[in-house]
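Top line first, the protein sequences correspond to chains A and B. For the first sequence, the positions run 1 to 204 when the working numbering is used. For the second sequence, the positions run 1001 to 1476 when the working numbering is used.
For the record, the hints were derived by calculation from the structure and aren't laboratory data. Keep in mind that a hint or two might mislead.
As the list claims (entries may be wrong) - Simulated coverage check for chain A against chain B, where a stretch passes if three residues somewhere in it have a Cβ under 8 Å from a Cβ of chain B:
(1) 4-13
(2) 21-33
(3) 64-77
(4) 92-102
(5) 179-190
As the list claims (entries may be wrong) - Pairs of lysine-lysine, BS3-like flavour, derived with a Cα cap of 30 Å:
(6) K177/A to K1367/B
(7) K76/A to K1115/B
(8) K27/A to K1385/B
(9) K1445/B to K180/A
(10) K1367/B to K14/A
(11) K1115/B to K27/A
(12) K173/A to K49/A
(13) K180/A to K1367/B
(14) K1445/B to K173/A
(15) K14/A to K1385/B
(16) K59/A to K1445/B
(17) K76/A to K1128/B
(18) K1367/B to K173/A
Quick caveat, the model's predicted, so the values are computed rather than measured. Even for Gly, the Cβ is constructed at its ideal location relative to N, Cα and C.
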Amino acid sequence: MVLSDREIVDALLKGEIIVTPLMNAAKQIGSSSIDVRLGTEFKLIRTIKQTHFDLSLPKEKIRRQVQEYTETVHIKPLEPFFLHPGEFVLGCTLEYIVLPDNIAGRLEGRSTWGRVGLQVHSTAGLIDPGYEGILTFELHNMGKLPLPLYAGVRIAQISLHRCTPVAQSYATKSEAKYAKSTEIRDTTFYEEYEYQQIQKWQTS
Amino acid sequence: MVNLSSMVNLMEKVLCIEVLEKISRMQRFLRLEPDVARQQGTEVLRIFVTALDGILDNLTPILRRLSEDLELDQWESLATVRRLSDIMNSVDELHTQLQFIHGTWLQPETHVFIKSVLEFIPEDRRPKRVSVILSNSYSFEESDLSLYFEYVLRRTNVTIAIQRETPTVFLPKIERDNPLNWAILVHECGHADYEGINKVLQGRQIIPDQVDASTKDILRRWAEEIYCDIFATQVLGPAYLASFATFALALAGAGGAEIASETHPADIVRICIIREVLEKNNLKVALAQPWVDYDDVTSFFYNVLEKRTKLDRKYVRPMVPLPQLPLILQDFVDASCEQIDELISLSRQLTLRDFSRIDHLARRLAKGIPIASYHNPELVELRRKDFQEVELDALRFNEVKQAVQEPRTLLWEIVNAGWLHKIESIYPDAFALFFTPSDTALQEKIASWGEELEATDRLLLKSIESSEIQRLMEET
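Only chain A is shown next, with the shape it has when bound in the complex (with noise of 0.2 Å):
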């Protein structure tokens, strides 16, 4: 069940949830939703000479070469970030976010930004029981003018929901790559151990 606003206060009041900073409570906290910022850091895709993921590279190979797809960018106080349209780029929250065992969020798009066609995520929006760090966005201008994004900006909201608390929480699982996370992490899909399955296959 969803929280609502009363139950989200309760839960910011316990501990049980925490979501810092949280800078304007009035403005941030909805009937049934946070509002949350845009941070500094911004990972583009860049274009590069690899015409593919090679996965007959060793792991680190692999790495180098995501590593080489993206670059980091880092915007300070009042800078603005354009993303032009058609643009993809994954951004990142302000807020650092620790949900406890019982509880799961979803990240969801704000109506302001989406009417000028700013997509926040395109499909990875549930965040675990147990989950804890900063949150991606996966930015995506869909509008056909350039969106002048700032840091500290609301673009996003999460619901919250209650569920019975979970047998392993997302911050103990040994795959669980971006808890605790502060800073945009790069993708790791070659470390999955289907990958790591076909990899041997394909090398055997």
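Given chain A, work out where chain B should sit, using these hints.
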């Protein structure tokens, strides 16, 4: 688990950890090389990596000896400290060679940090801007770049006049991500307060006429250094002492912390003055658990440096006779302390500050949570009761909401909490890792400890940046 209260060879171990930290930071700096440069300059990077591994090999016997946890006698202690100094000097030398690899940009947070520091200088004499440059030499400095350029060109018989003030501070490359040591930049920003320095120097006859001209010059330069120390102490409190003391501990080198130069009074004299200012204002950041007999940040670092200084005294002899810290400089310190609240903007006076939440912030850092804002537990507790007992209407509910809002933390709080976290978490982890006998290779140990340092840096950088954004959002 490290037993902090009965620690032996504390000074030697802290010095050793500081040297290891510099090595770890240099390793990290080398990893910052962009991919293209990395591919083209692989050989250069490889030389650095090999050199650092060689330096680590030199550290191994010292770590092994300190792991035995037997109290060293004074001669072995002196030998250990001299050896650690040599190793630190080699890191220092290697730092100068960073000129051969591609540079990297400053963190945006450095600009936020400097901007926040400048706001401590009263508006009427605040420089519009202080630039920051990453430096190849391991030293923190301040210079007016325009004057420097004029001077450099004049030596080639070309005279130019740039005629504008361009105060610039230099940050060693390997300290790029380390806000705890940016504390020393605050001292350097003090040098940019040209008017403030002149005001204190001219306001009182602190250098008597009877001293000769060259001594007068030296004393004037010393007085300026002391002014900047007092300024930095005003801005950051105990964190400045911590940062300066670890710098002096690691880099005192053959000179020893008791030796003055023509430009700077002896480090230990400066540390004494900083401690005096902190004590006069009763400013303490307490440790949750004492290390040996030291129960706050100031006494911890002061005593560690004092111990090294006493040891160096057995070995070092001053090369050049310089004026000892004369009573006239003590006069200057007293004058500055009397005017201490005039040195910085009224609203930011050190004596008005509340140090009680530093401990709470350090505990948050230990949990891996950024500290850009502060959750007031007392207010939260109060509102929690309201929330449970009363049926809230919309108006009252909005009041309760305010309790979960987090006021931002200030720069000095973030840096002091960072130092407290370093003493209470990072040092104990490092002591357990490096001074406990194990089969793990030193390279592996330093890699895993480097990750802890990096995570702390990121938390502090994020805190500085988010706090600034919160300030901007509040004001607008």
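These are the hints, each one checked on the structure:
Counting residues of the segment 4-13 of chain A whose C-beta sits closer than 8 Å to any C-beta of chain B gives 6, which meets the bar of three, so the coverage hint holds. Check result for the segment 21-33 of chain A against chain B: holds, 7 residues qualifying (beta carbon to beta carbon below 8 Å, three or more required). A count of 7 residues in the segment 64-77 of chain A with a Cβ less than 8 Å from any Cβ of chain B is obtained; the coverage claim is therefore met, three being the minimum. Requiring three or more residues with a Cβ within less than 8 Å of a Cβ of chain B, the coverage given for the segment 92-102 of chain A holds, as 3 such residues are present.
A stretch counts as covered by a chain when three or more of its residues have a beta carbon under 8 Å from one of that chain; for the segment 179-190 of chain A and chain B the count is 3, and the coverage holds. At most 30 Å may separate the alpha-carbon atoms for a hinted pair to count; K177/A and K1367/B meet this at roughly 18 Å. With a C-alpha separation of about 12 Å, the suggested pair K76/A and K1115/B falls inside the 30 Å cut-off, and the hint holds. Restraint check for K27/A and K1385/B: satisfied, since their Cα atoms lie roughly 23 Å apart, inside the 30 Å limit.
For the hint linking K1445/B to K180/A, the alpha-carbon distance of about 22 Å falls within 30 Å, and the restraint holds. For the proposed pair K1367/B and K14/A, the alpha carbon gap of about 17 Å is at most 30 Å, so the pair holds. Distance check on the hinted pair: K1115/B and K27/A sit about 28 Å apart at the alpha-carbon level, within 30 Å; holds. For the hint linking K173/A to K49/A, the alpha-carbon distance of about 35 Å lies beyond 30 Å, and the restraint is violated.
In summary, the hint linking K180/A to K1367/B is supported, as the alpha carbons are separated by about 10 Å, within the 30 Å threshold. With a CA separation close to 24 Å, the supplied pair K1445/B and K173/A stays within the 30 Å bound. A C-alpha spacing of about 11 Å is found between K14/A and K1385/B, which places the hinted pair at or below 30 Å, so the restraint holds. For the hint linking K59/A to K1445/B, the alpha-carbon distance of about 22 Å falls within 30 Å, and the restraint holds.
Annotation: proposed proximity of K76/A to K1128/B holds, straight-line Cα distance about 18 Å (limit 30 Å). For the hint pairing K1367/B with K173/A, the CA-to-CA distance comes to about 18 Å; that is within 30 Å, so the pair holds.
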